[in-house]
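Based on the hints, put chain B in the right spot on chain A.
2 protein chains.
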Amino acid sequence: MNTESCLFPNTRSHFIYEMEKQVQDLALEEKKEVAKEVILGEDGQPLSKKALKKLEKEREKEQKRIEREAREAEEKSKREASEVDYSEGRYGVLPLNRSTTRENRVYTDIKDISAAKDGQKVLIRARVFTSRLQGNKMCFFSLRQQYNTIQALVVVDKDTISKPMVKWCGSIGLESIVAVEGTVQKSPEVIKSATVQDAEIHVSNVYVVSPVKKHLPFLVEDADRSEEQIRESEENAKEGDSKFVRVLLDTRLDNRVLDLRTPTNQAIFDIQSGICDAFREHLLANSFNEIHTPKMTGASSEGGANVFKISYFKGAGYLSQSPQLYKQMLISADRERVFEVGPVFRAEESNTYRHMTEFTGLDLEMAFYEHYHEVVEFLENLFLHIFKTLKEKYSRQIALVRNVYSSEDFVLPVGSERVRFHFKEAVQLLREAGYRKQLTPGQEPPKDEEFRYCEDPEFDDFSTPEERVLGTIVREKYNTDFYVIDKYPSSVRPFYTMPDPEDPRYSNSYDFFMKGQEIMSGAQRIHDPELLTERMRALGIVPDVGLQSYIDSFALGCPPHAGGGIGLERVLMFFLNLPNIRLASAFPRDPKRLLP
Amino acid sequence: MNTESCLFPNTRSHFIYEMEKQVQDLALEEKKEVAKEVILGEDGQPLSKKALKKLEKEREKEQKRIEREAREAEEKSKREASEVDYSEGRYGVLPLNRSTTRENRVYTDIKDISAAKDGQKVLIRARVFTSRLQGNKMCFFSLRQQYNTIQALVVVDKDTISKPMVKWCGSIGLESIVAVEGTVQKSPEVIKSATVQDAEIHVSNVYVVSPVKKHLPFLVEDADRSEEQIRESEENAKEGDSKFVRVLLDTRLDNRVLDLRTPTNQAIFDIQSGICDAFREHLLANSFNEIHTPKMTGASSEGGANVFKISYFKGAGYLSQSPQLYKQMLISADRERVFEVGPVFRAEESNTYRHMTEFTGLDLEMAFYEHYHEVVEFLENLFLHIFKTLKEKYSRQIALVRNVYSSEDFVLPVGSERVRFHFKEAVQLLREAGYRKQLTPGQEPPKDEEFRYCEDPEFDDFSTPEERVLGTIVREKYNTDFYVIDKYPSSVRPFYTMPDPEDPRYSNSYDFFMKGQEIMSGAQRIHDPELLTERMRALGIVPDVGLQSYIDSFALGCPPHAGGGIGLERVLMFFLNLPNIRLASAFPRDPKRLLP
Chain A
1 MNTESCLFPN
11 TRSHFIYEME
21 KQVQDLALEE
31 KKEVAKEVIL
41 GEDGQPLSKK
51 ALKKLEKERE
61 KEQKRIEREA
71 REAEEKSKRE
81 ASEVDYSEGR
91 YGVLPLNRST
101 TRENRVYTDI
111 KDISAAKDGQ
121 KVLIRARVFT
131 SRLQGNKMCF
141 FSLRQQYNTI
151 QALVVVDKDT
161 ISKPMVKWCG
171 SIGLESIVAV
181 EGTVQKSPEV
191 IKSATVQDAE
201 IHVSNVYVVS
211 PVKKHLPFLV
221 EDADRSEEQI
231 RESEENAKEG
241 DSKFVRVLLD
251 TRLDNRVLDL
261 RTPTNQAIFD
271 IQSGICDAFR
281 EHLLANSFNE
291 IHTPKMTGAS
301 SEGGANVFKI
311 SYFKGAGYLS
321 QSPQLYKQML
331 ISADRERVFE
341 VGPVFRAEES
351 NTYRHMTEFT
361 GLDLEMAFYE
371 HYHEVVEFLE
381 NLFLHIFKTL
391 KEKYSRQIAL
401 VRNVYSSEDF
411 VLPVGSERVR
421 FHFKEAVQLL
431 REAGYRKQLT
441 PGQEPPKDEE
451 FRYCEDPEFD
461 DFSTPEERVL
471 GTIVREKYNT
481 DFYVIDKYPS
491 SVRPFYTMPD
501 PEDPRYSNSY
511 DFFMKGQEIM
521 SGAQRIHDPE
531 LLTERMRALG
541 IVPDVGLQSY
551 IDSFALGCPP
561 HAGGGIGLER
571 VLMFFLNLPN
581 IRLASAFPRD
591 PKRLLP
Chain B
1 MNTESCLFPN
11 TRSHFIYEME
21 KQVQDLALEE
31 KKEVAKEVIL
41 GEDGQPLSKK
51 ALKKLEKERE
61 KEQKRIEREA
71 REAEEKSKRE
81 ASEVDYSEGR
91 YGVLPLNRST
101 TRENRVYTDI
111 KDISAAKDGQ
121 KVLIRARVFT
131 SRLQGNKMCF
141 FSLRQQYNTI
151 QALVVVDKDT
161 ISKPMVKWCG
171 SIGLESIVAV
181 EGTVQKSPEV
191 IKSATVQDAE
201 IHVSNVYVVS
211 PVKKHLPFLV
221 EDADRSEEQI
231 RESEENAKEG
241 DSKFVRVLLD
251 TRLDNRVLDL
261 RTPTNQAIFD
271 IQSGICDAFR
281 EHLLANSFNE
291 IHTPKMTGAS
301 SEGGANVFKI
311 SYFKGAGYLS
321 QSPQLYKQML
331 ISADRERVFE
341 VGPVFRAEES
351 NTYRHMTEFT
361 GLDLEMAFYE
371 HYHEVVEFLE
381 NLFLHIFKTL
391 KEKYSRQIAL
401 VRNVYSSEDF
411 VLPVGSERVR
421 FHFKEAVQLL
431 REAGYRKQLT
441 PGQEPPKDEE
451 FRYCEDPEFD
461 DFSTPEERVL
471 GTIVREKYNT
481 DFYVIDKYPS
491 SVRPFYTMPD
501 PEDPRYSNSY
511 DFFMKGQEIM
521 SGAQRIHDPE
531 LLTERMRALG
541 IVPDVGLQSY
551 IDSFALGCPP
561 HAGGGIGLER
571 VLMFFLNLPN
581 IRLASAFPRD
591 PKRLLP
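So the protein lines, in turn, are chains A and B. Counting from 1, one number per residue, gives the positions in the first sequence under full-length UniProt numbering. Counting from 1, one number per residue, gives the positions in the second sequence under full-length UniProt numbering.
What the hints contain is simulated information worked out from the structure, not anything from laboratory work. Honestly, I wouldn't trust all of these hints.
Because identical chains share one entry, a pair is satisfied inside a single copy or across any pair of copies.
[What the hints assert, rightly or not] Under the rule of at most 20 Å between Cα atoms (straight-line distance), these lysine to any residue pairs were calculated in the SDA-like manner:
#1 393 to 281
#2 213 to 536
#3 213 to 535
#4 309 to 590
#5 111 to 285
#6 54 to 66
#7 314 to 590
#8 592 to 313
#9 213 to 534
#10 167 to 86
#11 61 to 578
#12 243 to 227
#13 243 to 221
#14 477 to 346
#15 391 to 479
#16 309 to 347
Bound-form chain A, shown alone (with noise of 0.2 Å):
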């Protein structure tokens, strides 16, 4: 073995022919075992001597067959073995890493590879993401970092790659990792199926860091197609071509950890990280202080419906719907401008493409001076901050998704301009598009009609179709896909909604919308626990003993405030056009999906 070429010394050896000699040797200790059998004739009884002899002599024949073919094989293995010589070292399974040795080798990320380092040594760990045996002299790897892939050949010489080393290299699994060291060679063409496209690697060594030890339920090439892509292969293929394989939602969710590592899921959880940076980087810039409000409580809170229960040691408690409470609270304690990011819970039986029983919550509360409007205009530079960044550090994660969910870029307003409506100017521009008709008394709403016929077409809230009618006309007249509607009606808000004081049938409250849908809620909050109480009742919301907790914490005196509550996952859903909210969360959960 030649040490030098060997990057890893305590490699497995080349594990095939390893395992086929064990085998080889094992085959040759059960002949030797049935040499040694005590003998009896047909009838039971031990044979003649005259038999014996003969036995004996046949057995010797016998033996020495057996000792012959075992020689042989033992040859065969060596010559086998003196075969691949020149390459053992170079290639193989490692040890499981238990921490051994620390050598303080230099590793080379995918992404920082390119023509620029033509003719440099380099060493990478890195998932096979495709492989190609051709031939028996030449392999093809495309190996992966999250979406960062490159081409690295392996290629027979008579100095250093074997045959059986390339025949090794191409039955590596898919998706095990392995760590290759090779020369970066400039392309003289442009490799499309790589991301980087200018430069490739002429492997020298291979080895297999972690195996794939299961039968893939996809390919990960598979499960990164645009439906387009699908469709159009499904279209085009004549009798007998493959098309490409569709793998579907629950197949993904069920094996998340598999679905995770396409290239498109590695820039969609980049950008989730990304906004909730980008969030709190917002905030705390402006004096938020970041707090963390309890998730079960005695409390079953805001109304008591879709809510989860737990036991909690001989009794019992709920999880949180939201830091509403607690925020509020905190605010009243004098913490002044709070955030937090955390789960919410919703025992909602809902099973659509919008709905999740868990989600991420970016929420947030200020105290104000003289009116709620300094926190909507708050509001509306955080979302700005939020998408600008998005936009400046994370475009090529953006363009990544887009080859498989395609989505237009977003329209922002210019400047320091702002889309803000009033809840009624909103339906008279609907009225204006011909939507949000009046229906007479008795009269069923016409099922041909894609848009709501209204009880009372003035106070009803905004159905989704109507919402998104609406994105398309502010885009239309406004030139913006970030807006607000402001002043919902009461009827259709929180009992610790501030009513409007002029028009109680309105109230201080906010929806913010992303190509006309629905990104964040929320409103000045009711700081008086005499309304508060009187809200309640009109409401037929009895308080119980943890609803007091929050009223009292008004009657101790509470600055005007006001804030709102953003999911994470819709955000990054509509940013990215994502077709299911599933997609936006690494763990999704719904009514039917507690695992993985």
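Just chain B now, kept in the frame of chain A:
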């Protein structure tokens, strides 16, 4: 009313006098009613003409008396009203802020006021922390914003501030939120009772923005004293002297909104927010991704004990005990370096000063190349970054907390020096100091000993007192409060911990300590499905359906990885030397507390 002096024209006038006037008006009305009654004799029959005439005269007399008294009362009221006229509009209770108007008045923060602003007019919104009437001509306020306080004086003069205004100021309930306008005046003496010590406010206008409508269960001032101060007052108090009130923990927690307003608590929760920020700052700067893993799971995970059960529609689920399994699955999903800040649930019925049933986990996990010490080094630097950031950015808050909970400064290793022991060495250090003795078979541990005698002193985990002693020893020998113990015995670590490659009785696991108190536990994890299953079998853990997808994720190929979990509240508690972990959580949860 002098409208110029009136800052808020819609003030609900000066309410005390309003109320007095209303009471007088009511009394007048009542008396008039009496005069109009139909009069019958004592026998129930109408009176004779003579008797009626007599009565008429008496009545007229009485009527005149009543009218005279009423006139006098009205005049007195008018006189009093005219007496205060010159202050009218300068004080009163503002109507509930429903965002009616927006004047864009400029408010000043107390922290920005100093003698440098001498002579400037400022408008401040703050809480009435303390107030004191001096005679009937002066009222002293201490105004508070979080932990910033300033002295404000309302002094009678002949043009602007009337006696009734001063009297009214003295009647404002503590903890009410007021808007105060006045002039900054440089103070000739140091004002020790306020954080702004070189200036005070000479008040011209005072309005109540949000009144206290509830009896205060305790004063914020009383809740903000050290145990030493209270004891001292008790020891020095003579017969009849008033002593400081001690606000007990349960009273605080039952009224947490009020309790959180103490300057100490404001500082504690600033630092809590700062720890999270510094944690993420270091991770994001080192290519980590933020993740959000589900808190509701179908698997009881990690062994099954101490887990809260939830009702999940028609089935059941569990609350996550840590993001351990999911963060590892995300490593197998190629996320490479991940962190999460989120709630962690433990159904342990421990009612101690350092246990909660819900706390905030700062979790991280990262793939490494060769040795888990790559991760240990990263974690050491992470903690040093956090501690240094706190010392730099939160020195004022740390000093404030020390007023109530004394603590010594934290000694950190110098430069690139790090202190890290093998578990064996730590045992040796304890031995040298006379602790950790062998227990002979059948021997009961002596009761007068503070520290444990062990069955097997080589492989027993450290007890809390042992950890403390170790902290002292390390501080003396190595001059650091921050150090790591590496290579814990396998028997005291979870099943997914990678055994040490040389001696499987130890493992590739570590605890991080500050001042002899554990703040983080972590390890290299087993990333091979077979070894993992073997360990589970050895420990008698039966993989349920949830654990299966965890094990499977390693069969899909996974890089070697290590990580750790930090308890936010523990770090905060130990860093500030708080006597109880509940003080490090805004709304703590323990087996007996789910509210508020």
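Numbered hints the structure breaks, given as an ascending list:
The structure conflicts with hints 11, 14, although it agrees with all the remaining ones.
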